[in-house]
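There are 2 protein chains.
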Amino acid sequence: MNIKSYLKDKKKEVDEYLDNLLPKTNKFPAQLHEAMRYTIFAGGKRVRPILCIASFQIFDSNYKKVLPFASALEIIHTYSLIHDDLPAMDNDSLRRGKPTNHKVYGEAKAILAADALLTFAFQTMAESSNFEDRLIKKAIFNIAKSSGYSGIVGGQFVDIDMEGKDIDLPTLEYIHTHKTGELIKTSVYSGALLAGAKDEDLDNLLKYAKWLGLTFQIVDDILDEIGDKEELGKNPGKDNHYNKFTYPSIYGIKKSKKIAEEYTQKSKNYLAKINADTSILNEISNFLLERTY
Amino acid sequence: MNIKSYLKDKKKEVDEYLDNLLPKTNKFPAQLHEAMRYTIFAGGKRVRPILCIASFQIFDSNYKKVLPFASALEIIHTYSLIHDDLPAMDNDSLRRGKPTNHKVYGEAKAILAADALLTFAFQTMAESSNFEDRLIKKAIFNIAKSSGYSGIVGGQFVDIDMEGKDIDLPTLEYIHTHKTGELIKTSVYSGALLAGAKDEDLDNLLKYAKWLGLTFQIVDDILDEIGDKEELGKNPGKDNHYNKFTYPSIYGIKKSKKIAEEYTQKSKNYLAKINADTSILNEISNFLLERTY
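Line by line, the protein sequences give chains A and B. Going by my numbering, the letters in the first sequence line up with residues 1 to 293, in that order. Going by my numbering, the letters in the second sequence line up with residues 1001 to 1293, in that order.
Keep in mind the hints are simulated off the structure, nothing from the lab.
Keeping only pairs whose Cα atoms sit at most 16 Å apart, straight-line, the calculated EDC-like set for lysine to aspartate or glutamate is: (1) 1065/B with 1127/B; (2) 1138/B with 1199/B; (3) 273/A with 200/A; (4) 65/A with 16/A; (5) 1138/B with 132/A; (6) 1210/B with 1262/B; (7) 1254/B with 1220/B; (8) 1255/B with 1220/B; (9) 1255/B with 1225/B; (10) 1254/B with 1224/B; (11) 138/A with 1132/B; (12) 138/A with 1133/B; (13) 138/A with 1127/B; (14) 1138/B with 127/A; (15) 145/A with 1127/B; (16) 138/A with 199/A; (17) 1145/B with 127/A; (18) 1138/B with 133/A; (19) 1273/B with 1203/B.
Covered, in the sense of this in silico footprint (three residues per stretch, anywhere, with C-beta under 8 Å from a C-beta of chain A), are these stretches of chain B: (20) 1029-1043; (21) 1158-1167.
The following label-pair restraints were derived from C-beta to C-beta distances: (22) 1292/B with 93/A: 43 to 49 Å; (23) 1061/B with 1/A: 56 to 62 Å; (24) 1025/B with 135/A: 31 to 37 Å; (25) 27/A with 1252/B: 32 to 38 Å; (26) 43/A with 1250/B: 41 to 47 Å; (27) 163/A with 1005/B: 45 to 51 Å; (28) 1011/B with 258/A: 57 to 63 Å; (29) 265/A with 1132/B: 43 to 49 Å; (30) 279/A with 1011/B: 52 to 58 Å; (31) 43/A with 1166/B: 33 to 39 Å; (32) 199/A with 1016/B: 31 to 37 Å; (33) 3/A with 1132/B: 38 to 44 Å; (34) 1065/B with 96/A: 40 to 46 Å.
Here a beta-carbon is modelled for each residue, glycine too, at the ideal position from N, C-alpha and C.
Using the sequences and the hints given, assemble the complete structure.
Here you go:
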């Protein structure tokens, strides 16, 4: 399997699914629907939906069934980006190579477009009838938990709270694991859960995803130091503006890369415990370690 | 039955349930949990949870089962208030008699506290095991739909979009029915749905709730013109600051009151079609028409 063409194909399928799913711009109120679509289709690697699909495929080849949930994960990720970029938060003007949502629609409408996306993700999952109601309910619960006060929002809240303050390593780890890690874990978990994976396999996948999420964040931090603006689609060096405490700022670039490699190996060790074909997730781990954007 | 003591008792039960449910302020990150609780416990009549409970009670006396959903409705309502009050939106400094969330915690944290509340509402519903998974999934779907682009967010978006512009009656009705009406409809609907009401009764309750929601909005508009700041807990006359088009501004106070009375009667006619004891909802209609806060 060629991982690059796999990622390209799945991104295309997720994009097409999202395009069919999201409210149309010829329906009232058109501008709300346009603002919802704007950041969804402003690029993005679709890491979370692809992790969900790849995890699903370990146990069930009919991956199209999981597209509503894979898409919901991307929708939740996008809502969080729109709110993070607001002037009151990280005040970012560029995201995925384009002006941020509030730069195009203004603050009030950007806040609302993101609110609509978050709510729509839950609507989409609750509308699905591709799986047993019991499994859908469990997936919704886990995805909500990873998105809220004990997940994305908790991480972003502490991140905001710490700006300009002295931060210790446990607090940095809290921000990383919550702001980014929880949704990545849930993406892997919910794919396998809906495919009917047994508890032992779900447990190994959660551990896999924990180390994958940490790697993902470290690579993000490295790219923020040395990455290319064109390729990243955002302004690198941003973290330094706020004196944020990052892996490269503590350990330097070389040691940080080494840590990312170690974490990737740890993640793959958990995949090896699963008695099924986990080669796609294995390749995704390699790809996320070596990415340049 | 004395409706005032019923409302008081149920408000107390909902408040106690919310207090147990929401994350504690002695857990990290404490300030996020504090900000989530702040607006929840800054007052409020608990209209939506009480409508959900009263509707449930028509078909099932064991109303404590529905408290997770009743509470989720109040949590969603509160998230929407926090975002509506933001400087970028309605820029309100006073809500339920207290400084608004962003006045206390700042804009970034207020946005995040509300995001955490919205997500937590879905987490709470998906965690419940008080009903068949099928019914829980259906309730989550309906509540999400009423809260998002085709409900609260849609209404608020058009409201923001219309400020300072000429507005026509259909657009005003759109704002009313979406910003306020949809969640009121869903509150009544989900209570009865979870209690196992049959389709015909659900249909009559939706029609009841539609007219109730319109009455609720007209009375809100009247109180905004002639209400008492102390009793309302917010600044009356606010709507005039933006030249908003309201019932009193079109029809005057006297005619608006007459319309509210007519709508209340229409709502009660649908209750009369249900072959069960709907006296509580009937009394709530009277109360919401005659309220002074």
